[in-house]
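As you go down the protein sequences, you meet chains P and A in turn. At position 389 of the first sequence the residue is numbered 453 (our numbering), and the sequence of numbers has no breaks. At position 157 of the second sequence the residue is numbered 168 (our numbering), and the sequence of numbers has no breaks.
By construction, these hints were calculated from the structure, which means they are not laboratory data. Here the structure is a predicted model, which is why all the values come from computation and not from measurement. Hints should not be assumed to be uniformly reliable.
[Said to hold, decoys possible] Listed below are the simulated EDC-like cross-link pairs for lysine to aspartate or glutamate, each with C-alpha atoms no more than 16 Å apart in a straight line: (1) A:K83 / A:E137; (2) A:K83 / P:E334; (3) P:K70 / P:E173; (4) A:K250 / P:E310; (5) P:K462 / A:D255; (6) A:K281 / P:E334; (7) A:K212 / A:E263.
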Amino acid sequence: MPFDPKKHVMPTQDPAIRATNFKEVALGYSPTVAKEEALRCLNCPTKPCVAKCPVHIDIPAFIKKIKEDDLEGAYSVIAESSSLPAVCGRVCPQERQCESACTLGIKFEPVGIGRLERFVADYHNENSKTKASKPESNGHKVAVVGSGPSGLACASDLAKQGFEVAIYEALHKAGGVLIYGIPEFRLPKKIVAREIEGLKDLGVDIQTNVVIGKTITIDELFDEGYEAIFIGSGAGLPKFMGIPGESLKNVFSANEFLTRINLMGAYLPENNTPIFHAKKVAVVGGGNVAMDAARCARRLGAEVSIVYRRTEKELPARVEEVEHAKEEGIKFELLTNPIEILGNEEGSVSSLKCIRMELGEPDASGRRSPVPVKDSDFVEDFDCVIMALGTSPNPLIKNTTAGIEVEKHGCLIVNEEEETTRSNVFAGGDAVTGAATVILAMGAGKKAAASITKRLLNK
Amino acid sequence: MFKIVSKKILNPTVTEMEIYAPLVARKAEPGQFIILRVEDDGERIPLTVAGYNREKGLVKIIFQIVGATTEKLNHKEEGDYIPDFVGPLGVPTKVEGLKKVCVIGGGVGCAIALPIAEKLHELGAEVTSIIGFRSKDLLILEEEFKNASDKCVVMTDDGSYGNKGNVTMPLKEMLEAGEKFDCIITIGPLIMMKFVVSTAKPYSIPVTVSMNPIMIDGTGMCGGCRLTLVKEDGKRVTKFACIDGPDFNGYEIDFDEAMMRSRQYAEFEKKKREETCALYKKAN
């Protein structure tokens, strides 16, 4: 077989069609294509990809199993290190992690590791008939706060060890950012639902509609007999720019816009959740959340521009999301920063005033920071502005729990065991790191589960 | 699932319900709110707590029928269930240390003002209540207010009951007559609260207002409930009603902005409610 210098292309829905629906964009490899892609892996002895994976999946080992047509075997290899392969195969920034280190990538395109991971996980989900059952109880109770990636991973590992685990979720549906943040077209909700069902099969009790810090406090959880608590409450607090006009109607945080659409189904015509159907939307920011908001707005029928103050190279979003956004007709106003939102007499957004930027000298972090170009401001008409500038951790638990300390950005302080400044209270994910990735959160949840196991079982 | 234990029609557009939600009832305090959903895939709506019974695990809500969700909630009966009910959210109204307070409620806002008046009364404060409605048929909770107040004045816009006029009229008279309240606590339409603030201003009496903006999660996540406070030095500060409020210093609120923002989904709400009403009509 001739050697293919390029990754096998991921089949996708046609851009013109998908820009009008919320169905999944990337359709996944077929078994034949997956095997051909697997055969591109050199199985090199140094395994640089493994070192770059935040949870150190034995990547060459699972790819080898695909080559051998042992797909359940491949799944088992991934499952040793990851709790959410069907999710991470879809949302990990592979180009900055495993695939960035691929030996093949030195001369050619790297192996499509993420696509293969997704293929294996989807195969397993469709074909595996084995249902997990609740392991014998070890008699210890642990509470998990938040049902996002870190909480799910932590609960899963603990339940497998025989702990009695309860997850407390503030919203009405479990899944955290996987449910309220990442849209259906990038991560179908049935995949998340399957993970949640799997946890229930393991005996995990999921309590929705409970806000820890309000409905129940951390101290009350201890009083109820929980011996350890894991906080995976994420980074849910939206940032605004602090420019004039941000309080106008039709200026939204990406969180609000996405939650209405994803969690509350506002894109379905029969749904009662209000959403603004804009004609022309500016999304401010360049991360995955900005891409998600832009592509949702597009699907609701708007013309959309991403406004980002640095260049394309610095866009924090996954490369694939940027490509998909462009294919769907989203414009990119790069090296551009909003300075004021202008409104009409009804108090609604009418236009956005921006200034052009250029990259200045590298700052302390080595990044070239953008500086405004003098007299370059301009006004463009928009009827909606969505702020996707990042999020910070929610102070609700810190404010209602003695002994839990945070650093200056509001992130919970933990030690190497993922334990907070309060004994037997552990934490991980965005609540500790600030907004980061699903896989890092999942990894932290697993690590905390190991620490809790060690602590409570004296292992 | 959360059971509707009782339902009472207070007037043609306002309904009271008691919901069995022991975790919320255990902690709820006057001024806090809950968020509920009436059906799966439905929207989340915030409602301020109108009362609670900790022993029985009941939380009282009083709501005005304004959109599709409240319309649907109003079609639920005693013994029915709603899927979601979460709280208590927000910061309780500060009542400790107050000796002489004027509580002013307007319309359905009286439902939220009542537990505050009751709490103050229970703590031994002297409570003057002023409650206002558009007309007699919209009057609610008069008896309850009388029981919780040393003095209670009822106002109607059209004079069909009590005194004719709005709530600022008796307030102004009292202030002019030299009444010295430690604090005025007001809950009702934004425009009413705005005028209560301007009436109290010349007398430098602190005014607490209860804001009820559009929100989704109630935990600080969506930012939809943001308000602008204008500080004494003119600095504008953004606050989230769900976690920083719902109570704020009335002198700092930018009411015009809040009024404008409250109309974000007004048209959508109206349309969806009409659709929902049409569906119910068809079903009947």
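Can you list which hints this structure breaks, lowest number first? 1
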